[in-house]
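Construct the complete structure from the given sequences, taking the supplied hints into account.
No gaps in the numbering here: position 212 of the sequence shown is 212 in the working numbering, and each next residue is one more.
Worth flagging that the hints you see were computed from the coordinates, not collected in a lab. Glycine included, every Cβ here is placed at the ideal spot set by N, Cα and C. It is possible that part of the hints are untrue.
Computed Cβ-Cβ distance ranges for the label pairs, DEER-style [what the hints assert, rightly or not]:
hint: 1; residue 1: P184; residue 2: A57; range: 17 to 27 Å
hint: 2; residue 1: A110; residue 2: D74; range: 43 to 53 Å
hint: 3; residue 1: P137; residue 2: D211; range: 20 to 30 Å
Straight-line Cα separation of at most 20 Å, DMTMM-like style, residue types lysine to aspartate or glutamate; simulated pairs [as the list claims (entries may be wrong)]:
hint: 4; residue 1: K160; residue 2: D140
hint: 5; residue 1: K244; residue 2: E143
hint: 6; residue 1: K244; residue 2: E220
hint: 7; residue 1: K160; residue 2: E111
hint: 8; residue 1: K93; residue 2: D215
hint: 9; residue 1: K160; residue 2: D195
hint: 10; residue 1: K160; residue 2: E138
hint: 11; residue 1: K93; residue 2: E220
hint: 12; residue 1: K93; residue 2: E111
hint: 13; residue 1: K244; residue 2: E111
hint: 14; residue 1: K160; residue 2: D133
hint: 15; residue 1: K93; residue 2: D140
hint: 16; residue 1: K93; residue 2: D74
hint: 17; residue 1: K244; residue 2: E196
hint: 18; residue 1: K93; residue 2: D213
hint: 19; residue 1: K160; residue 2: E196
hint: 20; residue 1: K93; residue 2: E143
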Amino acid sequence: MSVPESAVPNLRTLTAHAPTTDDAAAVRPAATNEPARRGRSREELRMLAEQAARDLADATAEEALAWTARTFGDRWIVASNFQDAVLVDLAAKARPGVEVLFLETGYHFAETIGTRDAVASTYPVQIVNALPDRTVPEQDAAEGPRLFEREPDRCCFLRKVVPLRRTLSSYDAWVTGVRRVDAPTRANTPIVGWDERNGLVKVNPLAAWTDEDMDAYVAEHNVLVNPLVPAGYPSIGCAPCTAKPAPGADPRSGRWAGRAKTECGLHG
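In structure tokens, the structure reads:
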């Protein structure tokens with residue numbers, strides 16, 4: 001499905017700084033200032049994850065998401081970079097109205113923002129924008145300009161990892177689109193696992209999916225796809241750190257091209 005040129009987003013923003021007129025329509029305080037939504041203790045969640053890792057080792061995406069919706073009610077959130085809406089489509093079918101987390105780094109492609117807004121107006125989901133503590137100009141003033149070039153790990157930490165941790169502190173589980181074929185570092189991704197760093201259950205319904213599986217689902221269900229994908233960007237992150245890979249190259253080779261860095265720190 002092509003992304004509409006205009007869309008009325010169904011968005012709310014998790015922000016640690018005062019919202020500007022450019023922020024999404026509905027704003028709520030950072031997760032650290034909200035009542036805890038977790039329904040189980042850390043140890044209970046760990047045991048649940050360990051059991052589910054065994055029980056759901058070969059589960060389909062639909063089965064994994066049905067288990068997530070049944071087990072956690074409204075205490076789970078889906079993370080998306082809006083490369084496509086495959087995971088969003090599946091999650092919305094498992095639980096209409098599910099929350100979808102977007103890490104609004106301030107550096108995204110316009111096409112990614114457009115895809116996010118189109119998803120918000122097309123699917124029965126609630127987009128949650130998680131913002132860093134500082135705007136890009138504020139970060140430039142505090143850390144120096146173009147931190148993404150000088151210290152990409154620190155830039156990712158400030159603009160992705162910290163907002164993610166803050167947001168996930170209110171949930172029992174999060175759902176990601178990580179797939180084993182994405183990169184060698186993801187080859188052993190389980191369907192369900194324990195996220196020690198963030199202290200909650202991590203569900204990867206698409207872990208076993210191939211690129212062909214993704215393409216087939218998009219075609220069959222007319223799923224929204226970021227227009228950068230058909231333009232030659234198979235892996236999309238922040239605009240300054242994403243390049244178009246050479247033909248036949250590793251799909252993620254365009255991320256932090258020319259550097260040893262291969263992950264932003266969200267998944268290990």
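How the hints compare with the structure:
The hinted range of 17 to 27 Å is satisfied by P184 and A57, whose Cβ atoms lie roughly 21 Å apart. Separation of A110 from D74 is about 32 Å and departs from the stated range, judged on CB atoms against 43 to 53 Å. Under the hint 20 to 30 Å, the C-beta atoms of P137 and D211, about 38 Å apart, miss the expected range. A threshold of 20 Å between alpha carbons decides the hint, and for K160 with D140 the separation of about 16 Å falls inside it, so the pair holds.
Between K244 and E143, the direct Cα distance comes to roughly 28 Å. Violation of the 20 Å bound is thereby established for this hinted pair. Taking the CA atoms of K244 and E220, the gap is about 27 Å. The hint is violated against a cut of 20 Å. Annotation: proposed proximity of K160 to E111 holds, straight-line Cα distance about 19 Å (limit 20 Å). Between K93 and D215 the alpha-carbon distance is near 19 Å, which keeps this suggested pair within the 20 Å criterion.
Between K160 and D195 the alpha-carbon distance is near 16 Å, which keeps this suggested pair within the 20 Å criterion. Restraint check for K160 and E138: satisfied, since their Cα atoms lie roughly 16 Å apart, inside the 20 Å limit. Taken as a hint, the K93 and E220 pair is honoured in the structure, with Cα atoms around 15 Å apart against an allowance of 20 Å. Between K93 and E111 the CA atoms are separated by roughly 25 Å; this puts the pair beyond 20 Å, and the hint is violated.
Only pairs whose Cα atoms come within 20 Å are accepted, and K244 paired with E111 is accepted, the gap being roughly 15 Å. Distance restraint check for K160 and D133: the Cα-Cα separation of roughly 10 Å lies within the 20 Å cut-off, and the hinted pair is therefore satisfied. Between K93 and D140 the CA atoms are separated by roughly 41 Å; this puts the pair beyond 20 Å, and the hint is violated. Of the supplied pair hints, the one linking K93 and D74 holds, its CA atoms being roughly 14 Å apart against a limit of 20 Å.
With a C-alpha separation of about 33 Å, the suggested pair K244 and E196 falls outside the 20 Å cut-off, and the hint is violated. A C-alpha spacing of about 18 Å is found between K93 and D213, which places the hinted pair at or below 20 Å, so the restraint holds. For the given pair, K160 sits about 17 Å from E196 by alpha-carbon distance, which is consistent with the 20 Å threshold. Pair hint K93 plus E143 does not hold up; C-alpha atoms about 43 Å apart against a cutoff of 20 Å.
Violated hints, listed in ascending order, are 2, 3, 5, 6, 12, 15, 17 and 20; each of the other numbered hints is respected by the structure.
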